[in-house]
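J.: What follows is the residue order along each chain.
Number of protein chains: 2
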Amino acid sequence: MKIEVDYRFPVGIDPERQAKVIALGQTVGTWDASFAHREASFHKHQGEVAQVERQDDGTAIATVRFPTINVEGDIASLLTMIFGKYSMAGPAKVVDVRLPEDYGQRAKFGISGVRSRLGVLDRPLVMAIFKPALGLSAADHAQILGEVAGAGLDVIKDDEILGNLESAPTLERLRACLPVLDAAQQRTGKPLLYAVNVTGRADQLLAQAKRLIEAGANALLLNVLTYGFSVLEALAQDPEITVPIFAHPALAGALCGAPDHGFSYGVLLGTLMAHAGADAVLYPAHYGSLPFSAAEERHIRDALRDRNVFPVPSAGIHPGIVPKAIADYGIDVILNAGTGIMDHPDGAAAGVQAFFEALNVEAQKAKAQNANAQSQTQPGQPFDLDQIPPGPLRRALEKWGT
Amino acid sequence: MKIEVDYRFPVGIDPERQAKVIALGQTVGTWDASFAHREASFHKHQGEVAQVERQDDGTAIATVRFPTINVEGDIASLLTMIFGKYSMAGPAKVVDVRLPEDYGQRAKFGISGVRSRLGVLDRPLVMAIFKPALGLSAADHAQILGEVAGAGLDVIKDDEILGNLESAPTLERLRACLPVLDAAQQRTGKPLLYAVNVTGRADQLLAQAKRLIEAGANALLLNVLTYGFSVLEALAQDPEITVPIFAHPALAGALCGAPDHGFSYGVLLGTLMAHAGADAVLYPAHYGSLPFSAAEERHIRDALRDRNVFPVPSAGIHPGIVPKAIADYGIDVILNAGTGIMDHPDGAAAGVQAFFEALNVEAQKAKAQNANAQSQTQPGQPFDLDQIPPGPLRRALEKWGT
Numbered sequence: 002m003k004i005e006v007d008y009r010f011p012v013g014i015d016p017e018r019q020a021k022v023i024a025l026g027q028t029v030g031t032w033d034a035s036f037a038h039r040e041a042s043f044h045k046h047q048g049e050v051a052q053v054e055r056q057d058d059g060t061a062i063a064t065v066r067f068p069t070i071n072v073e074g075d076i077a078s079l080l081t082m083i084f085g086k087y088s089m090a091g092p093a094k095v096v097d098v099r100l101p102e103d104y105g106q107r108a109k110f111g112i113s114g115v116r117s118r119l120g121v122l123d124r125p126l127v128m129a130i131f132k133p134a135l136g137l138s139a140a141d142h143a144q145i146l147g148e149v150a151g152a153g154l155d156v157i158k159d160d161e162i163l164g165n166l167e168s169a170p171t172l173e174r175l176r177a178c179l180p181v182l183d184a185a186q187q188r189t190g191k192p193l194l195y196a197v198n199v200t201g202r203a204d205q206l207l208a209q210a211k212r213l214i215e216a217g218a219n220a221l222l223l224n225v226l227t228y229g230f231s232v233l234e235a236l237a238q239d240p241e242i243t244v245p246i247f248a249h250p251a252l253a254g255a256l257c258g259a260p261d262h263g264f265s266y267g268v269l270l271g272t273l274m275a276h277a278g279a280d281a282v283l284y285p286a287h288y289g290s291l292p293f294s295a296a297e298e299r300h301i302r303d304a305l306r307d308r309n310v311f312p313v314p315s316a317g318i319h320p321g322i323v324p325k326a327i328a329d330y331g332i333d334v335i336l337n338a339g340t341g342i343m344d345h346p347d348g349a350a351a352g353v354q355a356f357f358e359a360l361n362v363e364a365q366k367a368k369a370q371n372a373n374a375q376s377q378t379q380p381g382q383p384f385d386l387d388q389i390p391p392g393p394l395r396r397a398l399e400k401w402g403t
Numbered sequence: 002m003k004i005e006v007d008y009r010f011p012v013g014i015d016p017e018r019q020a021k022v023i024a025l026g027q028t029v030g031t032w033d034a035s036f037a038h039r040e041a042s043f044h045k046h047q048g049e050v051a052q053v054e055r056q057d058d059g060t061a062i063a064t065v066r067f068p069t070i071n072v073e074g075d076i077a078s079l080l081t082m083i084f085g086k087y088s089m090a091g092p093a094k095v096v097d098v099r100l101p102e103d104y105g106q107r108a109k110f111g112i113s114g115v116r117s118r119l120g121v122l123d124r125p126l127v128m129a130i131f132k133p134a135l136g137l138s139a140a141d142h143a144q145i146l147g148e149v150a151g152a153g154l155d156v157i158k159d160d161e162i163l164g165n166l167e168s169a170p171t172l173e174r175l176r177a178c179l180p181v182l183d184a185a186q187q188r189t190g191k192p193l194l195y196a197v198n199v200t201g202r203a204d205q206l207l208a209q210a211k212r213l214i215e216a217g218a219n220a221l222l223l224n225v226l227t228y229g230f231s232v233l234e235a236l237a238q239d240p241e242i243t244v245p246i247f248a249h250p251a252l253a254g255a256l257c258g259a260p261d262h263g264f265s266y267g268v269l270l271g272t273l274m275a276h277a278g279a280d281a282v283l284y285p286a287h288y289g290s291l292p293f294s295a296a297e298e299r300h301i302r303d304a305l306r307d308r309n310v311f312p313v314p315s316a317g318i319h320p321g322i323v324p325k326a327i328a329d330y331g332i333d334v335i336l337n338a339g340t341g342i343m344d345h346p347d348g349a350a351a352g353v354q355a356f357f358e359a360l361n362v363e364a365q366k367a368k369a370q371n372a373n374a375q376s377q378t379q380p381g382q383p384f385d386l387d388q389i390p391p392g393p394l395r396r397a398l399e400k401w402g403t
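Residue numbers (the working numbering), protein chains in the order written: chain A, 2 to 403; chain B, 2 to 403.
It is possible that some hints are incorrect.
[Stated by the list, open to error] Away from chain B, derived, C-beta distances all over 12 Å, residues of chain A:
id: 1; residue: Ala77
id: 2; residue: Thr81
id: 3; residue: Lys94
id: 4; residue: Asn309
[Stated by the list, open to error] Reference excerpt, derived from the structure (chain B facing chain A, CB under 10 Å, subset only):
id: 5; residue: Phe36
id: 6; residue: Arg66
id: 7; residue: Pro68
id: 8; residue: Ala93
id: 9; residue: Thr200
id: 10; residue: Pro240
id: 11; residue: Leu256
id: 12; residue: Arg308
id: 13; residue: Asn309
If you're looking for bench data, these hints aren't it; they were derived computationally from the structure.
We put the beta carbon where it would ideally sit given N, CA and C, even for glycine.
Please take these sequences and the hints and turn them into a complete structure.
T.: Structure (C-alpha cells):
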C-alpha cells in the first residue's frame, strides 16, 4: 500500500496543477537526459496524483499517492515528504493522511493496556490536572493529589506548562507524590496513574524519562508537538519506557487552526499520534472551552481508537458534559478535567466524586433504556437538575451547568 | 530580562482581553483562597500584559511579558508557554519574540566558524543541492559531487527529502562522496562541506549524527521542524558534534504561512533557530520561487546574524539574483542553489562557475563604485547581459534571466 494524502486547496488555486507540483516536487523533482540511466529508479520514487475533487464550496481536494520507499516509517520523514517544502508554496491544507497499517509504531499500552493496568474495564476513566499550573511546591502537589486520590481518580497529569522548574523540580514532584499514590492504591485497590511531564533537550528528555520511571513514575506526559514526533517515537519504542505515554496537543493550533494552511486537527492529533506510538492523546472537546468542531473531534477519536489509542477530550470538561461525552464515545474515553475537578465548590475530592456520580447516573439511564423501561431523561440528554439529589454532582451542575 | 512576545490579533478580536487570557492562562491560571499561602510564588510566575497597540489596518499587537523562571532555557518549553494551549483558542499570530541574550544556545560554528573551516573570509559562500532528490545511488552522488567539487563549490547538501533510504543509505552516500571531497580539497586547497541529512527517531538520529561524523562527515543537515527543536538543541550542545549544523525549514509553511495563525517566519526561522544552536539556516529568498516577503527575509537575516548564524536564502536561487542578494546581505550569506546549479545548460560545474563569475562581477562593480569611477551598471542593479562575456554566467543568465 502507498501513502495517500488529501490536500485541500481554497478557491482561486488550480488544484490539478498544484497536485502535480506536489507529486513531483515533493519526490524526485525533474531530471534531464544525463540521468536517463536512472529513469526506472526515479519512477519508483515518484508520487502520483490519484484524483482531484471539487467541493460544493468551491474548494478542491486533491489526493496524492506517495511511495513508502521514500520515507523511513516515522512521522518526521513523512512530514518532510508530504508537506516539507510545499508548505511554503501557498495556501493548502492537509486534511487526511492514509498510511499503511504497519506504518510507524503501535501504542505499547493504549486503551487495553491502560485499562488492564488500572483494572477498570467497563467505564470511562476520570483524569484530573494539577492546578494552579505554576508556583506550587512539590509538597503542594502531594497535598492536592491526596485530596483527589481517595475519591478514586484514575489518572492525574501535570499541567503541560509545568516543566522541570526550580520552584518544583520534576523528580521532586514525583517523589513527593509517590507515597500518596501508594496509599491510594492501598485504599482503592487500583493504581492511580500520574502522567509526569517529561521535558528537556531530546537527549536529556529521553534520559529523564528513564530516571522518572526508575524513581517510580507510572505514566508520562509529553508535549509532542513542541518537542517533536521523533521524541515520542523514541520513547514509544524504548523497552525501558514501561509506562503509558499521554500525548499533549500544545501548539496544535499553530499547525491546525488556520482555514487554508497546515493540517486538519484530525490528521495531526489523530492519525499521526496514533502512528507515532502515543498511548493516549489529549485534544479539545467540541463542547469544551476551546473552539473545536465536532467533525474534527470525531476524526481524532476514530483515528486513535482504530489503533487502540485512548482518546482524551479535554479543556472545559466538567461533570455536566458527561451525557454528551458518553453519547459520543461510549466507555472508551478518558474524561480529563482541570478546573472542572480542582475548582469544585466542595473541593477537589468532591470534583472527582461528581464525575463518578455523573457516570453512574448515565450508566443507570442506559440500563433502564436497555430494559425498555421509560425514563424521563434519555441517555445523551443533558442532566435534569431536578432529578439529581443533593451532593457533589448537583453542586457541580449548579456551578458549571448541565 | 523577561521574555517578551508580540501577538497579532485580527480585526474582530478583543486584544486587551486576549492578552490577559494569555498572560494568566499560559502561566499560573487562576487560584482560590485555599492557595492564599502561595500567592507570592504565583505572582513570580505570572505573565503580564506590557502593551496593546492598534495598527492602521485594524489588527492589534499585544505584548505579553513572561518570567524566564517558567521555562527551561530551551525552545520547546518556550513554545509550550507562549503558545501551547492558547494556539487552539482562536486566531492569533506570534509575530515577534524577544529573548534574553543568554537564552538557549549559541552556534558552535556559525558565520565565523564556517568561514574559518573553509578559509574563505571575504565573499559569500556558494552552496549546491544534490538533484534529483530521490532515486540516485550513492555512486551517482559521488559523480555529481565530482562535477561541482572541482569548480570550487563551498558547500553541498542532500535534498531535505532524501533520508536514510534503501536506494542510497546515508552512510553509503557519505562514504562514496568522501574521496571526492578529499580530492577537491587537494585541488582547491579548501574543504568542501557536505551537509549530510541526518534523520530517524530522536535516539537514532543523535546516534546516527555521531556515526556520520566518525565516518568523516564535515557538516550535517537537519529538518528542524519535522524532527523537533529539541533534537537540534541536543546536537548543538553535544561536544561530539564537531561539525556545523545546517537547519532546513521544511514544514515552516504549516506553522507560518497563514495570515492570522501560527508564527511569523522571522520568529520561527530567525529568532528560534538562532537560540537553538543552528550554525546556518535555510529559508526562502523573497526573489526566489516561493512566495515570501522581503520583510520576513530581513527579520530572519537580522535575527540570525545578530547571533553569528549564517543566513542561507534558498529556493529558486540562480546566478541572476546575485546582485540583489549582495545588496541585501553583503558578503555574510550563503547562496544555495539546487537546479540553479545542477541544471546549468553546460552542466553542474558550469553552474558553480557561473555563481563565482557573478560574485566577481559584483565585486568589481563595488570596487569601481568605491573608487568613484563611473560604471554603466551599479552594484545591486540586475546584470546587463550585453556586458557579460560569453561563458558560464552568460549562459546561466540566458536560461534563468537577470
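J.: With reference to the structure, classify each hint as holding or not holding.
T.: Consistency of the hints with the structure:
1. Its beta-carbon lying about 4 Å from the closest one in chain B, A/Ala77 breaks the requirement of being farther than 12 Å from that chain.
2. Distance check for A/Thr81 against chain B: the nearest CB is about 5 Å away, which does not clear 12 Å, and the non-interface claim fails.
3. Chain B draws A/Lys94 into its interface by the beta-carbon criterion, the shortest separation being 9 Å against a cut-off of 12 Å.
4. In this structure A/Asn309 is separated from chain B by more than 12 Å, as the shortest Cβ-Cβ distance comes to about 21 Å.
5. Here the hint on B/Phe36 is kept, as its CB sits about 7 Å from the closest CB of chain A, short of 10 Å.
6. Taken as an interface hint, B/Arg66 does not check out: its beta carbon lies about 15 Å from the nearest beta carbon of chain A, beyond 10 Å.
7. Interface restraint check for B/Pro68: the shortest CB-CB distance to chain A comes to about 9 Å, inside 10 Å, so the restraint holds.
8. Because the smallest distance between the Cβ of B/Ala93 and any Cβ of chain A comes to about 8 Å, under 10 Å, the interface hint for this residue holds.
9. Taken as an interface hint, B/Thr200 checks out: its beta carbon lies about 6 Å from the nearest beta carbon of chain A, inside 10 Å.
10. Given hint, B/Pro240 at the interface with chain A, is violated; its Cβ is 12 Å from that chain's nearest Cβ, farther than 10 Å.
11. With a cut of 10 Å, the hint placing B/Leu256 at the interface with chain A holds, because the nearest CB-to-CB distance is about 5 Å.
12. The restraint placing B/Arg308 at the interface with chain A is violated, with a minimum CB-CB distance near 18 Å, outside the 10 Å limit.
13. This hint is violated: B/Asn309 has a C-beta 21 Å from the nearest C-beta of chain A, more than the 10 Å allowed.
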